[in-house]
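Let the sequences and hints guide you as you build the complete structure.
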Amino acid sequence: MVKLMELEWRKLRRKLILSEMIIYWGVLMFLPMFFIKMVSAEFGQSYSTIIQLMMPMQLGFVLFGASLINQVVIDEYKNKTISLSFGYPISRKKLVMAKALLSHFLFSFVR
Amino acid sequence: MDYVVKTNSLTKKIKGKLLVSNVNLHIKKGEIYGFLGQNGAGKTTIMKMLTGILSPTTGEVELFGQKLTKTEKSGLKRIGSIIEYPIFFEHLTAMENLQLHCEYLGFYDKKAITQALEMVHLTGIEDKIVSDFSLGMKQRLGIVRAIITKPELIILDEPTNGLDPIGIKDIRDLIRMLNREYGITFLLSSHILGEIEQVADRIGVIKDGKLVNEVTLADISKQRTDYIEIVTKDVEKSIYLLEYELQISNMKIVQDNRIRIYDLTLPQSEISKN
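Heads up: the sequence lines are chains A and B, in that order. Per the numbering used here, numbering of the first sequence is gapless, rising by one per residue and ending at 111. Per the numbering used here, numbering of the second sequence is gapless, rising by one per residue and ending at 1274.
Heads up, none of these hints are tricks.
Derived lysine-lysine pairs resembling DSBU-like cross-links, with alpha carbons at most 30 Å apart: (1) K78/A with K1013/B; (2) K1067/B with K80/A; (3) K94/A with K1077/B; (4) K1013/B with K93/A; (5) K78/A with K1017/B; (6) K1077/B with K78/A; (7) K1028/B with K1169/B; (8) K3/A with K1110/B.
Because the hints were derived from the structure by calculation, they are not lab data.
Dropping the structure here:
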């Protein structure tokens, strides 16, 4: 399964995904600091304001997850390369599982 | 008899429409089998079912004596194929595409890739991105991908699509060579008879999803040996007469003053009258 995931990774536009990762990281790491230090000092004071900050960050992660799924699964159907994978002597369950695991792995790596 | 591919009453229905119905296909080991049929007759659908991309509604596919099911796909290891249009990961280079293919099939021979590229005269493009390729080059690369692992059965759907005449000849020679030297079985498809009859040993005619006829080329040429021979003084004039007055086109000039007519739809008396 690890091998399948690696192959799945090699199919992707790796540079695009890596740069996307870095941008998300930068923005999401930088934003809270910015809010706490610059906008108002109260942001770091109470728990409820932290929750307010967490919301947009969560949304950012969800967006990243969506774009990952798009690249790993949907693009392959769109370019019809999926029929290539289905032509190999590997069961479809395993192929789809490898895709799901890879996107989960990448997603949790960012988080 | 040793069959590479066998199908038992293969049927595919999509949204109530019958695409392929009751096809019993038998392909022997080591032969070149040609599919002939109109556009939309169901050639590609049959090929997709043979390569496990689609699953049949009823009936079954047997590859190398083993049934092909959703969980049991080991027969596909011994098959190389291009279906419809050569599909690649367009943003990757040619080499990466071929390497990926090899890894999926568990085939580790670095030399085989360069060897296969040389076979179709496709060298010096290993590090180019596939989306920059022309259709002809993609077609060739697709054939490379199909033959890399030296499979026992190669399925090519319209292999000469988008190739120039020299490319078509190259592919034809390549198919013959692989068939002779490695004993690879081929399944080709086309809607052009002339293209198929030059390479195929046996032809399956498909019409509206049904396998109408399975014939060997030897049989066809045997059927076509009846002819009428005419001796005339003026060959050109009589050919003109035959063509425009009687609408006969299948004939041949032998020697200087003899014409052989293979088209026997008109009775002999009709021809001699003119």
